[in-house]
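Chemist: Residue numbers (the working numbering), protein chains in the order written: chain A, 1 to 190; chain B, 1 to 190.
Be aware that a few hints might be false.
When chains are identical, the list treats them as one kind, so a pair holds in a single copy or across two.
Derived lysine to aspartate or glutamate pairs resembling EDC-like cross-links, with alpha carbons at most 20 Å apart [stated by the list, open to error]:
hint	residue 1	residue 2
1	21	90
2	111	13
3	187	5
4	146	173
5	21	58
6	21	5
7	111	58
8	81	104
9	81	58
10	21	112
11	160	179
12	21	180
13	187	6
14	117	31
15	111	11
The set of hints was computed from the structure by calculation and includes no laboratory data.
There are 2 protein chains.
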Amino acid sequence: MQLMEEKILAEGEVLPGGILKVGSFLNQQIDVAFLRSVAAEVARLFDGCGVNKILTIESSGIAIATAVGLAMNAPVVFAKKHKTSNVDGDVYSATVHSFTHNIDNTIMVSKDYLTEKDCVLIVDDFLAAGNALKGLIALCRQAGAKIAGCSCAIEKGFQKGGDEVRAMGIRCESLAIIDEMNDTDIKFRS
Amino acid sequence: MQLMEEKILAEGEVLPGGILKVGSFLNQQIDVAFLRSVAAEVARLFDGCGVNKILTIESSGIAIATAVGLAMNAPVVFAKKHKTSNVDGDVYSATVHSFTHNIDNTIMVSKDYLTEKDCVLIVDDFLAAGNALKGLIALCRQAGAKIAGCSCAIEKGFQKGGDEVRAMGIRCESLAIIDEMNDTDIKFRS
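Looking at chain A on its own, in the form it has when it is part of the complex:
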């Protein structure tokens, strides 16, 4: 998506440690006109795929998932994140390692909100190692839900997550894929 690449080049900032800061428009602060365009593009990509539910993980995925849900008229479900493995009630759960915070989180979703009748589009802001996506895929599989695919705003193509998800046979549409990144230059996959 050209608009996403332009926005990253205009407002993104590469920090030490391979961190891409997009706080001015995608997380922390959200540019709503931009978000509306992003959601319309995701809706266009998955038009006709029978999507009846949007699944994301708290907290930075919620804004984009909400906009996509509004664009596709599909309910949005967000998996909750807990630092303990104490899971109560009737939930599906999976363990997800966070590289950002270097901890394991248990993510979970109530069995009421994810079922075998669902055709799910998994949405998130960033895709790097792909641990969050793999956890959300695991929740869908536990529920017996169909997975229409995944869509992330920004993929770090130099990490393996996106390609690993694609190798699982799951459609994965990232709106911008960064293949190389340093202090002075960002190279997108063409």
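Add chain B to chain A, keeping to what the hints say.
Modeler: Frame of chain A, contents of chain B only:
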């Protein structure tokens, strides 16, 4: 807002300990047609007030704040929550006690995204003791931003938070105010 009260009566569930479960439409799972109506109502209430920024706190406020931002064409900023008081960089911060988890969180927002030029509408899903709102109000005051008001989806009127915020001279519009609640009955403020 009649629609909010009807939805609470139809799908809300009162759990032991004074907890109102609205996971089927407001948090955990989001009914997007309902969310669109809620956002339109908040936009109507604050129309003409010069709002140029929506402020919320992660994570359950993000969905409603995003919808309000889209409805009002105003950028959305969400304060981040941390369990430690180690705050780095140029941020405004405040301490917020969470009764749900019985811990103190430090909430913070970058000084880049909240300034004295802003006229802020503070949005959240639940208003009970009002600690989250008071923390967000403190961040606005540190930034020298004007506060147009606060709007929450559901207020527990039998707790003091909403009335305390109003006593501070801040407009506080809750879409439904619950004055009494038990296993069999929910009474709204008229």
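Chemist: Could you run down the list of hints and mark each one as holding or not?
Modeler: A quick look at each hint next to the structure:
For a Cα distance limit of 20 Å, the shortest separation of residue 21 from residue 90 across copies, 15 Å, qualifies, whereas the shortest one inside one copy, 37 Å, does not. Taking the shortest alpha-carbon separations for residue 111 and residue 13, only the inter-copy value of 16 Å comes in at or below 20 Å, while the best intra-copy value is 39 Å. In this assembly of identical chains, the alpha carbons of residue 187 and residue 5 lie at most 20 Å apart only when taken from the same copy (10 Å versus 51 Å across copies). Taking identical chains as interchangeable, the C-alpha atoms of residue 146 and residue 173 lie at most 20 Å apart only when both belong to the same chain, with a minimum of 17 Å there against 40 Å between chains.
In this homomeric assembly, residue 21 and residue 58 come within 20 Å of each other (Cα to Cα) both inside a single copy, at 18 Å, and across copies, at 18 Å. In the homo-oligomer, the alpha carbons of residue 21 and residue 5 lie at most 20 Å apart inside one protomer (14 Å), although the nearest pairing across protomers, at 40 Å, exceeds that limit. Taking the shortest alpha-carbon separations for residue 111 and residue 58, only the intra-copy value of 17 Å comes in at or below 20 Å, while the best inter-copy value is 24 Å. For the identical chains of this complex, residue 81 and residue 104 are neighbours both inside a copy (10 Å) and across copies (18 Å), given an alpha-carbon limit of 20 Å.
In this homomeric assembly, residue 81 and residue 58 come within 20 Å of each other (Cα to Cα) both inside a single copy, at 7 Å, and across copies, at 12 Å. For a Cα distance limit of 20 Å, the shortest separation of residue 21 from residue 112 across copies, 13 Å, qualifies, whereas the shortest one inside one copy, 36 Å, does not. In this homomeric assembly, residue 160 and residue 179 come within 20 Å of each other (Cα to Cα) only inside a single copy, at 11 Å, whereas the closest approach across copies is 52 Å. When the C-alpha separation of residue 21 and residue 180 is checked against a cutoff of 20 Å, the pair qualifies only within one copy, where the shortest distance is 15 Å, while the shortest distance between copies is 45 Å.
In this assembly of identical chains, the alpha carbons of residue 187 and residue 6 lie at most 20 Å apart only when taken from the same copy (12 Å versus 51 Å across copies). Within a single copy, residue 117 and residue 31 get their C-alpha atoms only as close as 34 Å, which misses the 20 Å cut-off; across copies the closest is 17 Å, which meets it. With identical chains, the CA atoms of residue 111 and residue 11 are at most 20 Å apart between copies only, with a shortest distance of 16 Å across copies and 40 Å within one.
Taken one by one, the earlier hints all hold for this structure without exception.
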